[in-house]
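Student: Residues per chain, in single letters:
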Amino acid sequence: MTPGFRGRPRSSGPKLPPGQYLTEDFPVLTAGPTPRVPVDRWEFVVTTETGQQHRWSWADLMALPAETPTVDIHCVTKWSKLGTDWVGVSLDTLLSDVETAADFAFVHSYGGYTTNLPLEDLLDGQSWIAYRYDGADLAPEHGGPARLLVPHLYFWKSAKWVRGIQLRLDDEPGFWESAGYHDYGDPWREQRYQGD
Amino acid sequence: MDFTDGNALAGPLREIFAVDMTAATSRCAACGHAGPVATLRVYAHAPGLVARCPGCEEVVLRLVRAPDSAWLDLRGAASLRIPL
Ligand SMILES: [Zn+2]
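Note that the protein sequences, when read in sequence, are chains A and B. Counting in numbering that gives the first Met the number 0, the first sequence runs from 0 upward without gaps. Counting in numbering that gives the first Met the number 0, the second sequence runs from 0 upward without gaps.
The reader is advised that the hints may include incorrect statements.
Calculated from the model, a selection of chain A residues having no Cβ within reach of chain B, i.e. all distances over 10 Å [stated by the list, open to error]:
1) 28
2) 29
3) 47
4) 50
5) 52
6) 69
7) 70
8) 75
9) 76
10) 84
11) 96
12) 120
13) 131
Listed next, the stretches of chain A that the computed footprint assigns to chain B, with coverage defined by at least 3 CB atoms under 8 Å from CB atoms of chain B [said to hold, decoys possible]:
14) 30–40
15) 166–179
Note that these hints are calculated values from the structure, not bench results. Ideal Cβ positions, reconstructed from N, Cα and C, are used throughout, including at glycine.
Isolated chain B (complex conformation):
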């Protein structure tokens, strides 16, 4: 077999999802602009948090928090570079 199941991600992702992500560098999937997550434009008066690219205003990241779950939508981010 060429692959294992997702349990192989447990350790590596635990390291990432415990850090302050605002220092990470996000790359916009629409225009390629790269910069710290802290420089995204966040629209919080909405049903969720919508973070937009300062270069092109496209959505880079969305976070919806329900009582028992969170949805993190990163389709607008080509990558996140996370300092460790």
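Chain A on its own, in the form it takes in the complex:
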């Protein structure tokens, strides 16, 4: 991808998207009770538009090559946190053997949360299933044992307690997208609400 093609240039320009303020702590936002998912019962399932399922146990996930992204994250409630350190498996790795013609991804979580995004935003090094944060196992309040990490979109797209992804030919709005929030959510274009 050309630097600056979608959003900001890599080497110059502001570190914070419009309307955001910098925070040093890591605020916990949640729309419901925190699910407690033991790793021996955890699984991650990708379902294609034809109904084909691809499953990973926790052991399967741990056996895949891990990456260590350091990324800036931007919450739609206006805090941003720069240089956060994660360990996770790239969606490029997880989806490499998945045959699909889908354009959209519908992400669902333990606890019932959902969010949607274009499939291409999960690929090309842009997203991970993250299971460690800042040198420790990902805590349940931050989405552990594993969460989606899609740092170039507002952080509500980075679903905590991720359980699976449905690959779809059509776009289905998720939990916040069906209640007034923007379908895509690019922080650099300040796409907070529908119509922004």
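Assemble chain B with the ligand onto chain A, guided by the hints.
Tutor: Relative to chain A, chain B with the ligand alone:
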């Protein structure tokens, strides 16, 4: 014609949307539990307000406030009984 347009709702809804809704009785669409809106479990540390059923923890009501609009999502409520 069997119906009129939505302007027929103006007067009746103005009466409802001016009252304190926490005294209303909501019925959960998921489990049928009925109780005062004031007894719902509200998660406010979120991009909007999420009110969940004390019986089954499903979402009963969501309210998102943008600078120039509000979204009120009631799909999790089978009904609201509003004292008038
Ligand atoms: Zn209920």
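Student: All the hints need checking, so say for each whether the structure fits it.
Tutor: Going down the list of hints, with the structure as the test:
no., hint, result
1, 28, "violated, 5 Å"
2, 29, "violated, 6 Å"
3, 47, "holds, 28 Å"
4, 50, "holds, 26 Å"
5, 52, "holds, 26 Å"
6, 69, "holds, 25 Å"
7, 70, "holds, 20 Å"
8, 75, "violated, 5 Å"
9, 76, "violated, 6 Å"
10, 84, "holds, 24 Å"
11, 96, "holds, 35 Å"
12, 120, "holds, 19 Å"
13, 131, "holds, 24 Å"
14, 30–40, "holds (count 3)"
15, 166–179, "holds (count 4)"
Of the numbered hints listed earlier, those contradicted by the structure are 1, 2, 8, 9.
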